Every structure is written in C-alpha cells, then in structure tokens.
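Student: Chains as they are written, first to last, in UniProt numbering: chain A, 1 to 99; chain B, 1 to 271.
Wrong hints could be hidden among the right ones.
[Unchecked claim] The list that follows gives simulated cross-link-like pairs (lysine-lysine, BS3-like), each with its CA atoms no further than 25 Å apart:
id, chain 1, residue 1, chain 2, residue 2
1, B, Lys28, B, Lys116
2, B, Lys25, A, Lys88
3, A, Lys45, A, Lys26
4, A, Lys41, A, Lys30
5, B, Lys113, B, Lys103
6, A, Lys80, B, Lys151
7, A, Lys45, B, Lys28
8, A, Lys86, B, Lys28
9, B, Lys28, A, Lys43
10, B, Lys113, B, Lys99
11, A, Lys80, B, Lys89
12, B, Lys134, B, Lys151
13, B, Lys89, B, Lys25
14, B, Lys113, A, Lys86
15, B, Lys113, A, Lys88
16, B, Lys130, B, Lys116
17, A, Lys80, B, Lys141
18, B, Lys141, A, Lys86
19, B, Lys99, A, Lys80
20, B, Lys113, B, Lys134
21, B, Lys89, A, Lys86
22, B, Lys28, A, Lys41
23, B, Lys141, B, Lys151
24, A, Lys88, B, Lys141
25, A, Lys88, B, Lys103
26, A, Lys80, B, Lys28
27, A, Lys30, A, Lys45
[Stated by the list, open to error] What the simulated footprint calls covered on chain B by chain A, stretch by stretch (three residues with Cβ under 8 Å from a Cβ of chain A suffice, anywhere in the stretch; the number is not a length):
id, region
28, 65–78
29, 147–159
[What the hints assert, rightly or not] One side of the interface only, derived from the structure: several residues of chain A facing chain B at Cβ under 8 Å:
id, residue
30, Leu17
31, Val21
32, Ile24
33, Ile25
34, Cys27
35, Ile59
36, Leu64
37, Gln69
38, Lys80
39, Leu83
No lab work stands behind these hints: they were computed from the structure. Keep in mind it's a predicted model, so treat the numbers as computed, not measured. Ideal placement from N, C-alpha and C gives every residue a C-beta, glycine not left out.
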Amino acid sequence: MAVAQTKLEKESGDWSLLPLVHDIIKCMDKDSQDIHQELPKLKAKIQEAREQIANMPGIDSSPLEQQQQLATLREQVRTKNQLLQKYKGLCMFDVPKAS
Amino acid sequence: MTAQHVMSCHAQKQRGANMAAVAEKPTKERMLCALDDLEVLSRELIEMVALARTQKLPQPGEDTQVLELLVQRDREFQELMGVAQQQGKVQQEMQLLEKEVEKRDSDIQQLQKQLKEAEHILATAVYQAKEKLKSIEKARKGSISSEEIIKYAHRISASNAVCAPLNWVPGDPRRPYPTDLEMRSGMLGHMANLPTNGVIGHLPGDALAAGRLPDVLTPHYPWQSSDVSVGMLPPHHGNDFGLEPPGHNKENEDDVEAMSTDSSSSSSDSD
C-alpha cells in the first residue's frame, strides 16, 4: 500500500511534505500514538527525496546553462550536417569497377 | 541549522540581492538546499507545537512565521521538482544529440580518410602524367623521321651488319656486325681516342675486337695481313691484352690478327 502510494507520488510529481507534517501535528493535537509511525514516515520521505535528487539526470547545471549546452549541441549537429552535405556534394568520379 | 538561520537566509534571498546568482546555481544544489530547509522547518514546527502543548502556553507568532516559511519552501521545492523533470527530458534530448554528433564525427572522419586516399591517387596520377608529358616533349624535340629510320634499317641489313648471310663462313668479308669503319666513326670509336692509361686493361674483348683500340696501339697490328679462320675473340682475351704489352702474347696477336683481317676485309667491302 505504501509502495503504491510512493509510486503514485513519483508519477504525479507530488513531493510535498506538508501532508505528513499536517498528519503529525494532528496526531499531536489528539495525543495519538500514531505519531510514532508518522514521524518515521516524514524522515523516510525526506531521505527518499534526497536519493531521488541524487539520481535525477541533467540537474547538475542550471536550466540556463543546460539550454546553452543544448543550443551548442544543436549547432554542432547542424554544422556537421552541413559539412557532410558539402562533402557529399563534391564532384564525384565514376570509378570503373574491376571485373 | 535552526529555523532562525533558515528564516534569515530566506530574508536575504527575498531581498533579491543575489537572485541572479541563485538562478545560476545548479538545480541539484538548490533542491538539496530546499530539502534541508524543509527538514529543519518541519522539525522546528513540530517541536514548537509539542512545546506549546506540554507547557500549555499560548503560541507566539513565531510558529506562524515558520509555518508560512515551510509552506513557501515546500512550494519552491515542488517547483524545483518540476524544473528537474524538465531538465531530465532536456538531458535525454542532449544525449540523443550527442549520439548524433558522434555519428556525424565518424562519418566525417571516414570521408576525410577517403578524400586523403583520393588525393594520394590523384597526386600519383598527376606525377606520372607530368613525367609522360616531359618524355613526350623530349621526344618531340629530338624527333627523327620514320623514313630516315627505315633507310638506316635498310642500310644496316643490306650490309649484313645485323645478321650474317646464310652461307657465311669464317673469312667471308660480309660480316654480320658493324664494320671497322663504322665502329670508328661511332661513339665507341671516339671514346677510343681518350687517354689510354688504365683504360685498356679493362676493355672487354668484344670492344677490342670491334675496333676500340687506341690509336697509339692500332698501327702496331697488321690489320690487313693474313686470313685466319677465327671469327670471334673470346672476352677474356681482351683482358689479357690489356695486361700484356702488344706483340708479346702470341695468342692474342693471332686473335687480333684474325679480327683485323676480317675488319679490313669488311672495310674494303663496305667501301
């Protein structure tokens, strides 16, 4: 059940800690013993978020830098395509095949 | 790190003094920072609530500030998560582009290799063509008419200069090689006029037989004296001749005599 919920959170992108904090405060208000279950949940969620961040690709640079890198790569591909087209468009000779 | 520290940091950020610098920071760093803030703020808030409940004290306004800050940082964290997911998609696109760049690079390298090979082949062809043009030009400068060549061929074949007649026997004046006069008028004959020191000893027998003897030595031999049936002088005799003074070796003398006889006959014949 918990695994399914985590999966759902990941898919929906809901990484808010507020619901868990709210649950904890509610337990405290009610003097409920569930607080001993809710606190580890908060810790686990924070830890999971840290692992998730560590494994996320492409966030080692800022969005601006990443956009610049992307533009550079696109420019490289465009230039190399042009160069290839130029090479392929060169005057070709009909080489007689050895029979 | 305490909630006060987080709040003071947040106040600084809000002042916008370094908003541009924050935007330049890597997303991962900003997310971890936001997560740390969230952890600290939530702990602080829970502790505040717990303290307020145990001491039964009215909560001061600080917890409201912490709560507001927690909500704000949580929202920021959510936004950063969205940004991170977008960056993940961009990263995938970048990886595809990098693969494409690598492929293009290998294509370009392959083409460059082929162009180098073609250049090498063409350079060789151009060099050979230039050499051919040079030889054509050379041939054009020293051109000889075909009529003249045919005439010369007739002449040398008519005088039995290249092939002996079928019924040729030793002593026959129709000699199957250039006559003495022809040899003397040729390049070899002119070379025979060079200084004789150290040259004679290395002359091959055929050359001697063909009339390459120096002029100094030539009168000592009886070119037209006798008829000997020997037609050719073996090559080793030429070497012997150079080592021994003329007239001292009887065998050589005989050979030379035989040659001179033939030579003189043919000379007179050709005349």
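Student: Could you work out which of the previously given hints the structure breaks and list their numbers from low to high?
Tutor: 1, 2, 6, 8, 12, 17, 18, 20, 21, 24, 26, 29, 34
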